[in-house]
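Residue numbers (the working numbering), protein chains in the order written: chain A, 1 to 255; chain E, 256 to 488; chain Z, 489 to 749.
It is possible that some hints are incorrect.
As the list claims (entries may be wrong) - Listed next, the in silico BS3-like pairs over lysine-lysine satisfying Cα-Cα at most 25 Å (straight line): (1) A:K113 x E:K472; (2) A:K69 x E:K377; (3) A:K233 x E:K450; (4) E:K418 x E:K402; (5) E:K450 x Z:K696; (6) A:K113 x E:K402; (7) E:K472 x Z:K510; (8) A:K216 x A:K193; (9) A:K174 x A:K13; (10) A:K29 x A:K69; (11) E:K472 x E:K450; (12) E:K360 x Z:K696; (13) E:K272 x A:K29; (14) E:K377 x A:K113.
As the list claims (entries may be wrong) - What follows is a list of derived Cβ distance ranges for each label pair: (15) A:R93 x E:S412: 57 to 65 Å; (16) Z:G683 x E:E297: 52 to 60 Å; (17) A:H63 x Z:Y660: 45 to 53 Å; (18) A:D200 x Z:P669: 39 to 47 Å.
I should point out that these hints are in silico values taken from the structure, not numbers from a laboratory. Even for Gly, the Cβ is constructed at its ideal location relative to N, Cα and C.
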Amino acid sequence: MSEKPEHFIIDGKRLDGRRVDELRSVKIKLSPLDRADGSCYIEWGRNKIMAAVYGPRELHPRHRQNMTKAVVQYRYNMAAFSVSDRIRPGHSRRSIEISKVGRDAFEYVVFTKFFPKTAIDVFIEVLQADAGTRTAGINAASLALADAGIPMRGLVSACAVGKVDGEIVLDLMKEEDNFGEADVPVAMAAGGKITHLQMDGHLTRDEFYEALKLAKIGCDKVYKLQRQALIEKYSGDYAENGEDAITQSEGDADE
Amino acid sequence: MERNIAIPGDVVSDNIKMSGSGTYVHGDTVRASVYGLLNVGERYISVIPLAGKYIPCASDRVIGIITEVVYSNWIVDINSPYEGLLHISQYPRRIDSENMSKYLKVGDCILTMVASVDAGMKVELTLREKELRVLSNGRIVTINPTKMPRVIGRNGSMIRLLKSEIGCNMFVGQNGRIWINGSDDCIDLAIQTVKYIEDNAHTPGLTERVQAFLKAKEKTRYGKVHESRNDEE
Amino acid sequence: MQMSDDVMAEIHRDYLFNLVLKGERDDGRAFDEFRDISIETGVAGMAEGSALVTLGDTQILVGIKIQPGEPFPDTPDVGVIITNAELIPMASPEYEAGPPREGAIEIARVVDRGIRESKAIDLEKLCMIEGEKVWIIFIDIHVLNNGGNIIDAASIGSIAALLNTTLPAERYGLGEDSPLPVRDIPIAITAIEFGGELILDPSLEEGKLAGTVYTVITNSDNGISGMQKSGVEPLTIDQVMRVVDMAGTAAAKIREKFLEV
Chain A
1 MSEKPEHFII
11 DGKRLDGRRV
21 DELRSVKIKL
31 SPLDRADGSC
41 YIEWGRNKIM
51 AAVYGPRELH
61 PRHRQNMTKA
71 VVQYRYNMAA
81 FSVSDRIRPG
91 HSRRSIEISK
101 VGRDAFEYVV
111 FTKFFPKTAI
121 DVFIEVLQAD
131 AGTRTAGINA
141 ASLALADAGI
151 PMRGLVSACA
161 VGKVDGEIVL
171 DLMKEEDNFG
181 EADVPVAMAA
191 GGKITHLQMD
201 GHLTRDEFYE
211 ALKLAKIGCD
221 KVYKLQRQAL
231 IEKYSGDYAE
241 NGEDAITQSE
251 GDADE
Chain E
256 MERNIAIPGD
266 VVSDNIKMSG
276 SGTYVHGDTV
286 RASVYGLLNV
296 GERYISVIPL
306 AGKYIPCASD
316 RVIGIITEVV
326 YSNWIVDINS
336 PYEGLLHISQ
346 YPRRIDSENM
356 SKYLKVGDCI
366 LTMVASVDAG
376 MKVELTLREK
386 ELRVLSNGRI
396 VTINPTKMPR
406 VIGRNGSMIR
416 LLKSEIGCNM
426 FVGQNGRIWI
436 NGSDDCIDLA
446 IQTVKYIEDN
456 AHTPGLTERV
466 QAFLKAKEKT
476 RYGKVHESRN
486 DEE
Chain Z
489 MQMSDDVMAE
499 IHRDYLFNLV
509 LKGERDDGRA
519 FDEFRDISIE
529 TGVAGMAEGS
539 ALVTLGDTQI
549 LVGIKIQPGE
559 PFPDTPDVGV
569 IITNAELIPM
579 ASPEYEAGPP
589 REGAIEIARV
599 VDRGIRESKA
609 IDLEKLCMIE
619 GEKVWIIFID
629 IHVLNNGGNI
639 IDAASIGSIA
649 ALLNTTLPAE
659 RYGLGEDSPL
669 PVRDIPIAIT
679 AIEFGGELIL
689 DPSLEEGKLA
699 GTVYTVITNS
709 DNGISGMQKS
719 GVEPLTIDQV
729 MRVVDMAGTA
739 AAKIREKFLE
749 V
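Bound conformation, chain A alone (with noise of 0.2 Å):
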């Protein structure tokens, strides 16, 4: 492993050259796999994940068919040559934890109940992986979802905050993930509500108050990329009216 940088914030630009309470760059693109129903496949920054849905869809086996909704299953899996140093093919316990609170992530936004007795099939693939995995798998899922028609409340929008030279900032690179003091993947459905919230690290309480502040700038930031996405499409023979005559609700930190 490199070693731990003496500074992480100098003149308030951090090692990549942001600002604390910017994104790293990020490329969308909708569909790029036409056996699932709905995919996307994003670059956050240097990760490379690609999301994939299928469903709603026939459930096996039978015995785990809810008779009263879907099934929301979520598969977070990297890459054998996704790291430096290669992992061996397979389910890791990390991994596992993370397909789990994936799931829980999308479970409240889904409008499981249409479709009793199926599953909806998750699938995050790391293909190159540069910190912040899971949440980048969280955005891109949200787009998969809906290119694959599933009814949902809302898109869930992630980002990840920590500390670093005693600042609290957005969306953590490598060293940052690495050698700071905090990590706090965070995921935000319409209105302001948390579907998904881990912490690794120590913080203050006012430290932590402050962080999710912080993390709610950064979804909604992310929010406005994914429907972009969206959006652009289908451009084509159809120009969003300028008026924009749907809003995204506010959310409201407190709701």
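Position chains E and Z relative to chain A; hints supplied.
Only chains E and Z this time, still in chain A's reference frame:
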């Protein structure tokens, strides 16, 4: 009727009485539940999804493929997360449960109707209605079920246009499957046209575009027919 | 949009069969014609080499990881190649999560054979200390979208990735980085027998109809460095030799267009 793209969660109205399909009520607002085209009507606001599966409803006419023969049922793939069951009693004639495969075997295609769908999503099919039958020739093409209404058109106008202009027999299932029969050329043209409609389903003036599409193809067809006639002389 | 991978309608099978009798295929290709191919290298930035291959709708990402390690006891003076294929569940409605099953294993072993038997990589050059330290090359075939004929796409992706691979000597304090020495370009070409005809690069549907699938791996001098017959229907000697010739021609075309430096 204005058309805009809606994404899940978008507020589309503050009048909860206007909540139509593809929307849900949250507090005192109506919000989109699917990624699709906003459809603002007089009484309802709905969102037409751009993608999605076929979910069977009673009285839907669909095209199915037999996948299994079990006990006294045929299990039928109806292009849905839910499979269809055709009970032996729903075959148009009384037959013996001993050799069901003699009448309908794995791989056979049927024009069938959804008789009922119960709360547990058990889908019962029937062949005991006019028009329903086994399809033994022709071709099947599958498109995105959400585009099917455009292939049918208002009151069947589009499908009538296709049948008369192309001159082949067509049956459109609610489940995204279309059966086409006729000469090889007719079938090819019909399939191309259906795919054209699927690709352009969300654009305005679709009927005119389809007519223009067919006219352009007609010129090529005519050219070919003309050539072969010259060969014969 | 996924296609039901259960039962194919009999009338559709009849249609495809009748087309073949007329010398045609559903997508208009000739029997020996390949679908469009595109290759992008260096896509997986954490790998020592990588290639994203698109063959028709099939998309495969092959990543090469290299690390120093111990040689196999019975071959103490040569490097090691380990090939693995993952048919990840997003690639097809019929793939399930879990350890590789026979389909994935067969793909990995066939691609591996082609690379090994063609001696595309000089394994002796990968030995650093006999009996103790050699370079270990992992070829990881990651299928992203199954649009038919995975073996050929995996084979093309693997050699394309290897041609763009760097030995990471600096990272391990073993000298300077250098390109992995690759001295041949083996390519697998797959044919199916259907309706009495031999058809190359089967599409997803054609692959389902085939009674037998036959893969031949040729190298740059048109020698054969691997083959595999998969499936139940038998082939005649004449059919086998025809595929060998068709494979040689098709592989040469692909090599010339995409892979020669």
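Hints, one by one, checked against the model:
no.: 1; hint: A:K113 x E:K472; result: violated (46 Å)
no.: 2; hint: A:K69 x E:K377; result: holds (14 Å)
no.: 3; hint: A:K233 x E:K450; result: holds (19 Å)
no.: 4; hint: E:K418 x E:K402; result: holds (18 Å)
no.: 5; hint: E:K450 x Z:K696; result: holds (23 Å)
no.: 6; hint: A:K113 x E:K402; result: holds (24 Å)
no.: 7; hint: E:K472 x Z:K510; result: holds (23 Å)
no.: 8; hint: A:K216 x A:K193; result: holds (10 Å)
no.: 9; hint: A:K174 x A:K13; result: holds (16 Å)
no.: 10; hint: A:K29 x A:K69; result: violated (30 Å)
no.: 11; hint: E:K472 x E:K450; result: holds (14 Å)
no.: 12; hint: E:K360 x Z:K696; result: holds (19 Å)
no.: 13; hint: E:K272 x A:K29; result: violated (37 Å)
no.: 14; hint: E:K377 x A:K113; result: holds (16 Å)
no.: 15; hint: A:R93 x E:S412: 57 to 65 Å; result: holds (59 Å)
no.: 16; hint: Z:G683 x E:E297: 52 to 60 Å; result: holds (57 Å)
no.: 17; hint: A:H63 x Z:Y660: 45 to 53 Å; result: holds (50 Å)
no.: 18; hint: A:D200 x Z:P669: 39 to 47 Å; result: holds (43 Å)
Consistency note: the structure conflicts with the earlier hints numbered 1, 10, 13.
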